[in-house]
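Visitor: In case you want the letters, here they are:
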Amino acid sequence: MLRYFTQLRGWLVVVLFALLMCTPAAFGQGSQDPISVVKYTQDTPVSNQMIVNECNGENVLMNGTMHFEYFFLTDADASFTIFNISSTSRLTGIGQTTGAKYVANDSTSTKDRTRDIASNLTTTLKSKLVAQGPTPDMMLRQLLHVVVDRNGNIKAEIVKNNVSCK
Amino acid sequence: MLHSSRRLTVSLGVLFLAFAMCTAVAFGQAAPPATYSHDAYLDNQVTVNNCSAGEPVALNGTMHYSYQFTTDSSGVNHFAITAANNLSGVGQTTSTNYVASDSDDYSSNTADSSKDMTVQLSSDLKSQGSAPNMTLVQILHLTVDTSGSITAEVVSNTTNCGSSSN
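Read top to bottom, the protein sequences are chains A and B.
First residue of the first sequence? That's 79 in this note's numbering, and the numbers climb one at a time after it.
First residue of the second sequence? That's 55 in this note's numbering, and the numbers climb one at a time after it.
Chain A extracted, bound-state conformation (with noise of 0.2 Å):
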């Protein structure tokens, strides 16, 4: 009976010993920092801007909204920024001959590892004018040029449009 008890304590210790193991353990999970990323935005109107369709010399009238939005994160020894870059149009043109009405919604993204504190890209945005009618498609291509940093900046511009068909 007594070495009945005394093996009963002995594993109690046991036990006790590895919940006790185990308990930090378990909540320390619950206080680590979970990674955080913080998105920046940025919405800049088109206004009225004029494209000529190089498809058939067409001025069309370019309404809507360029969206950028980017995060950035850094390396273990914060010697590299990753820059994660978005750039989305949301546009509507309307051919200023033919009343033909088009619609763009494209993005592209862009990752950009980098020891600068900014990113300064150009890049192209290829987006479909899509047609509301029995006009054929077109393709809008825009050169966005954004500059981004770790403080949350945001500038970016259309250096150039073009529209196309294919």
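Everything labelled a hint here was simulated from the structure, so no lab data went into it.
Every residue gets a Cβ at the ideal spot worked out from N, C-alpha and C, and that includes glycine.
Keep in mind that the hints are not guaranteed to be accurate.
As the list claims (entries may be wrong) - Label-pair restraints from in silico Cβ distances:
{"no.": "1", "chain 1": "A", "residue 1": "Val130", "chain 2": "B", "residue 2": "Ser203", "range": "36 to 44 Å"}
{"no.": "2", "chain 1": "A", "residue 1": "Arg228", "chain 2": "B", "residue 2": "Val100", "range": "34 to 42 Å"}
{"no.": "3", "chain 1": "A", "residue 1": "Val181", "chain 2": "B", "residue 2": "Pro186", "range": "18 to 26 Å"}
{"no.": "4", "chain 1": "B", "residue 1": "Ser184", "chain 2": "A", "residue 2": "Thr176", "range": "40 to 48 Å"}
{"no.": "5", "chain 1": "B", "residue 1": "Ala165", "chain 2": "A", "residue 2": "Phe149", "range": "16 to 24 Å"}
{"no.": "6", "chain 1": "B", "residue 1": "Asp159", "chain 2": "A", "residue 2": "Thr119", "range": "20 to 28 Å"}
{"no.": "7", "chain 1": "B", "residue 1": "His92", "chain 2": "A", "residue 2": "Lys179", "range": "36 to 44 Å"}
Keeping the supplied structure of chain A fixed, place chain B upon it in accordance with the hints.
Guide: Relative to the frame of chain A, chain B by itself:
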């Protein structure tokens, strides 16, 4: 006689001046920056199909990458990169043939001597049959530097519904 020789002297003077000006302009022109390029080949890389009406396509062909760089007086490097594809593909469901041929430009200003960026190249994947066209989106990982080294990798190939020529 005197009149004629004076006229000759003036003409020669004008000629000499014009020659001197042309020479100065010619020598004053800065040499264009060198172009570095790299060709990579796709060998049966199958696209991930995100289009309900589409199909996976096995791509073959060439990816052509080229870039130039200039350095300004403050030491900032300006990299200008072009990525182009010239691909053919075979639909894995319908055996339809597809072609894609397009290019995009990317540029970056950086104090670094190299540039590491991941970009998108989107192009029409044109069906050579009754299957619908699709848009091919390639994610490209590019690194270039001021020594003329370039590495490029197609990280992924996906297709979306539709193209500008649908």
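Visitor: Next step is simple, just say for each hint if it's right about the structure.
Guide: Taking the hints in turn, this is what the structure says about them:
{"no.": "1", "hint": "A:Val130 x B:Ser203: 36 to 44 Å", "verdict": "holds, 39 Å"}
{"no.": "2", "hint": "A:Arg228 x B:Val100: 34 to 42 Å", "verdict": "holds, 39 Å"}
{"no.": "3", "hint": "A:Val181 x B:Pro186: 18 to 26 Å", "verdict": "holds, 19 Å"}
{"no.": "4", "hint": "B:Ser184 x A:Thr176: 40 to 48 Å", "verdict": "violated, 29 Å"}
{"no.": "5", "hint": "B:Ala165 x A:Phe149: 16 to 24 Å", "verdict": "holds, 22 Å"}
{"no.": "6", "hint": "B:Asp159 x A:Thr119: 20 to 28 Å", "verdict": "holds, 25 Å"}
{"no.": "7", "hint": "B:His92 x A:Lys179: 36 to 44 Å", "verdict": "holds, 42 Å"}
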